[in-house]
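Modelling step: build the complete structure from the supplied sequences, incorporating the hints.
2 protein chains.
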Amino acid sequence: MKIALAQINTTVGNLIGNFNKIKQNVNTAIHLGANIIIFPELSILGYPPLDLLDKQTFIDESIEYLLEVSKLSDKIGIVVGGVTRDTDQVGTNIFNSAVFCTNGKIVNVHNKSLLPNYDVFDEVRYFETSKDYSISKINTCKMGVSICEDAWNDKDFWVHRKYDFDPIEKINSLGPDLLINISASPFSIGKEKIRTQMFSQIARKHSTPLIYINQVGANTDLIFDGGSKVFDRNGNLILISNRFEEDLKIYDTEKNYNLIQYEPPSDIEDIFEALILGIRDYCRKTGFEKVLLGLSGGIDSALVATLAKFALGEENVLCVMMPSQFSSEGSIAHSKKLINNLGVQGTTIPIETLFNQFKESLKNEFKNLKEDVTEENLQSRIRGTLLMSLSNKFGYLLLATGNKSELATGYATLYGDMCGGLAPISDLYKTTVYELAKYINRNSEVIPNEIINKIPSAELKPNQSDQDTLPPYDVLDKILYQYIEEAKELDEIISMGFERLIVEKTLKMVDRSEYKRKQAAPGLKVTSKAFGTGRRFPIVQGWR
Amino acid sequence: MKIALAQINTTVGNLIGNFNKIKQNVNTAIHLGANIIIFPELSILGYPPLDLLDKQTFIDESIEYLLEVSKLSDKIGIVVGGVTRDTDQVGTNIFNSAVFCTNGKIVNVHNKSLLPNYDVFDEVRYFETSKDYSISKINTCKMGVSICEDAWNDKDFWVHRKYDFDPIEKINSLGPDLLINISASPFSIGKEKIRTQMFSQIARKHSTPLIYINQVGANTDLIFDGGSKVFDRNGNLILISNRFEEDLKIYDTEKNYNLIQYEPPSDIEDIFEALILGIRDYCRKTGFEKVLLGLSGGIDSALVATLAKFALGEENVLCVMMPSQFSSEGSIAHSKKLINNLGVQGTTIPIETLFNQFKESLKNEFKNLKEDVTEENLQSRIRGTLLMSLSNKFGYLLLATGNKSELATGYATLYGDMCGGLAPISDLYKTTVYELAKYINRNSEVIPNEIINKIPSAELKPNQSDQDTLPPYDVLDKILYQYIEEAKELDEIISMGFERLIVEKTLKMVDRSEYKRKQAAPGLKVTSKAFGTGRRFPIVQGWR
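Protein chains in written order, with this note's numbering: chain A, 13 to 556; chain B, 13 to 556.
There's no promise every hint is true.
Identical chains share a label here; the pair holds if one copy fits it or two copies do between them.
As the list claims (entries may be wrong) - Distance condition first, Cα-Cα at most 27 Å in a straight line; then the derived DSSO-like pairs of lysine-lysine:
#1 Lys371 - Lys473
#2 Lys267 - Lys382
#3 Lys174 - Lys450
#4 Lys205 - Lys405
#5 Lys382 - Lys302
#6 Lys143 - Lys182
#7 Lys379 - Lys302
#8 Lys375 - Lys217
#9 Lys174 - Lys143
#10 Lys349 - Lys375
#11 Lys67 - Lys174
#12 Lys541 - Lys143
By construction, these hints were calculated from the structure, which means they are not laboratory data.
So, in structure tokens, the structure goes:
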């Protein structure tokens with residue numbers, strides 16, 4: 013039997029677009045002689061649909077498209093992700109379903125049992141839990157179908173489990189010939205390795221071949237990396253789809269496959285691919301062709317410009333230099349070199365006159381008061397205002413260039429450098445920013461080495477350096493990682509060998525900056541805990 | 013038996029502050045001869061603690077304070093809301109608990125069964141569900157204790173239920189003499205009436221007296237209105253705590269109470285009280301004494317200035333007038349009259365020079381291009397930057413003055429008039445803004461009638477009126493209400509008698525402004541569906 017793995021890039025809410033993509037893939041799979049084609053979780057709706065699921069007309073229409081998909085199944089079996097209704101009068105009344113169609117009809121529905129409700133996931137908000145399991149049969153093959161999280165609770169794989177039962181065990185007790193898991197599993201650093209190990213173990217444990225099909229493409233902050241896989245009954249990986257792009261692979265159950273020795277790419281390579289896809293899909297799916305950003309001469313904006321060029325092409329990137337009296341000579345020279353290396357557009361708008369005019373306008377209010385962080389923020393906000401004016405006038409998307417270390421500590425100006433429709437590197441620590449720049453330069457200099465090697469500075473007052481305010485980034489980032497991603501607390505972090513004063517200061521900066529992050533542009537999630545929808549701290553709070 | 017209802021105003025995460033408040037109330041209740049004192053849900057932690065609950069040291073410390081509370085129970089019984097641990101290795105391992113203490117010890121724990129996970133609530137993210145029920149006994153009185161949502165699933169009260177069982181039924185089957193529900197139930201328009209009816213019906217249905225104790229005070233966007241209540245076994249209301257302020261009432265089970273004919277205050281009166289409390293608590297709990305805002309001459313900023321004065325006192329409010337060449341003569345005169353009426357501080361910073369300087373700086377970029385919305389936004393962003401400069405220099409909190417109709421339709425400038433740490437009226441439709449202004453003026457003119465009666469305009473270009481861009485507010489607000497709060501869709505709204513073109517245009521404006529709202533300042537929730545944490549739409553989406 014030939015099974016097609018349709019790893020497609022859907023757009024949340026674009027039912028007709030997603031349906032057309034499904035139809036196209038069904039036709040291709042028929043053409044390739046496949047007996048059945050399998051699509052990712054909620055592929056009719058796109059993942060995650062969030063509160064669109066509260067709209068009854070959206071649910072209704074998605075179910076109409078589900079029926080349309082079923083009509084495509086007269087020459088091929090289809091397993092597709094969609095929403096189905098529950099009939100009682102209790103709860104949300106919808107399920108997250110894997111729907112099996114054949115002979116032009118829906119013949120079986122597998123509903124999701126384990127609803128993730130942590131980090132960026134809120135599925136209990138939308139769906140009901142199912143505890144009914146069944147087998148779908150195509151030809152003589154008995155398929156046990158599960159949905160994403162259903163496979164993530166194996167008691168032999170996880171020391172700490174989130175749920176008290178394992179749907180895969182229940183499904184396996186029905187004697188399937190093949191396990192299928194349809195997913196919408198977002199990318200984060202290191203996850204590809206865990207997935208590969210986990211699904212391998214499930215196949216081996218149940219002595220059943222397993223197909224894992226994942227969504228690809230980005231929707232707002234979440235990047236789905238694809239990499240769908242087939243494992244044999246011994247848990248050997250025998251087929252893998254491309255990552256970070258659409259793919260349609262055929263798995264032939266009659267064929268003998270060589271085992272794949274799969275070593276996932278390095279973290280930095282993964283991050284690079286993820287961000288390119290994230291930027292490209294955000295622009296494409298919101299209708300922006302071109303982007304602009306402010307180029308300061310520093311590493312962050314240089315990296316964002318470079319990523320934007322790779323994602324959208326040099327003709328679609330505008331870099332704006334906005335020097336002040338505090339800008340170093342190098343900052344313009346290095347920026348111009350970068351613009352030249354990338355082949356993108358560049359323009360210069362000095363801010364000194366505007367800065368002086370603001371100070372003049374505020375003269376009476378600020379009489380007898382010393383200059384302080386107010387004037388630093390002011391420069392940043394003048395730049396933000398100029399960039400937004402260009403964005404408004406030309407219809408380009410503004411990219412914010414802040415990194416995770418800045419956003420964590422509040423070392424960023426609200427309504428200034430935080431302006432933007434998308435913040436592509438806001439989930440990258442400063443040390444990762446450097447790593448990624450070096451990765452991009454691995455074959456030849458793309459980002460000028462002067463930019464990589466200079467001492468980081470916001471250049472908002474004379475002789476300023478980031479380390480006037482922040483601990484050295486190699487120390488800071490390790491503390492931030494422990495606090496944000498590992499949820500470690502003060503004493504635990506100190507016990508790892510960091511200085512108490514530095515840890516106290518860092519944690520305080522993180523806690524006090526929550527109000528800024530609540531107004532930050534959406535970022536692209538690449539770590540296990542990004543600022544944004546998956547991290548929910550109160551602004552008003554008295555803990556520490 | 014004398015039962016004290018301790019309706020306290022806790023701060024999320026401020027364990028020591030909350031403990032001290034609990035201790036103080038225990039001492040007062042002992043002094044008043046109470047046999048038992050009852051506190052609201054999670055009163056040791058404050059509600060909602062959100063991701064603070066992921067911090068193990070926070071949980072540990074809250075449990076230490078719980079033990080400290082239990083030690084206060086040698087002369088009085090205590091029912092207090094806190095977190096307790098589950099001992100298995102599955103799930104989040106914590107419960108949302110009502111803990112009964114007497115004789116200096118914890119003697120019983122009632123865990124929450126129904127975890128709300130809709131709108132602003134995410135409790136499944138944090139807590140495990142309990143299905144164990146028990147009775148706590150003080151003297152000879154058997155108390156059946158439940159927590160907030162546990163009481164909100166009575167099949168005789170709700171047509172559509174969220175959960176498939178009713179904890180109150182289970183508790184009642186244990187034969188309690190008294191039902192107690194400890195809550196942290198946020199305010200929204202009309203909810204007080206529903207609560208009163210619902211708890212009355214529960215008491216009557218089970219023929220058992222019922223005590224409902226609610227949190228009071230605001231934490232970030234949520235305002236808790238208090239109004240704790242006692243119902244007799246016939247469902248008659250016999251005691252009610254103050255609303256929108258702390259209160260300690262004693263209910264004497266031996267005493268005969270007169271029935272209270274309770275008609276909740278009008279919606280507009282409730283909104284007024286809620287917003288005052290919301291502004292006051294946001295400032296107090298984040299450490300701001302003073303606020304500032306931009307006064308445009310329009311109704312929105314006039315209302316915010318007035319609310320701020322009531323919340324914080326006239327000496328703590330600074331109003332900034334920032335006229336341009338497009339400002340009407342009246343806008344300054346009316347603003348000055350308001351400042352005079354309120355007795356608050358006022359200052360003026362004209363923006364014309366800055367506006368001209370920005371246009372000069374952008375001259376090359378904008379060559380041969382017509383003026384458009386860019387220049388309108390520019391004025392708004394200059395004002396935002398000036399206000400933020402004052403905020404930074406003086407340490408005053410900036411209040412954003414936008415209303416819900418603007419935020420819904422995107423009729424607001426990101427990084428301009430949307431700047432601010434708190435947006436007090438962002439959950440008020442424009443028509444409600446007028447109602448509230450008239451309510452405030454009910455006895456004498458506080459907000460000048462010229463401001464109430466003028467035609468609404470952003471004054472960002474000559475002869476501008478809001479209705480150049482938006483449908484008339486009385487129509488717009490009805491459509492917005494149906495779309496946002498009632499989750500009605502296009503055809504349903506049209507069928508209510510609105511013009512198709514207007515409805516289509518309105519819904520499109522709402523959908524397309526999601527990116528702006530994601531970067532908006534936190535608001536104060538007063539409706540059943542506020543923008544902010546309780547409404548989660550994707551930015552990238554293709555539905556309609």
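Among all the numbered hints in the text so far, which are the ones the structure does not match? 2, 3, 4, 8, 12
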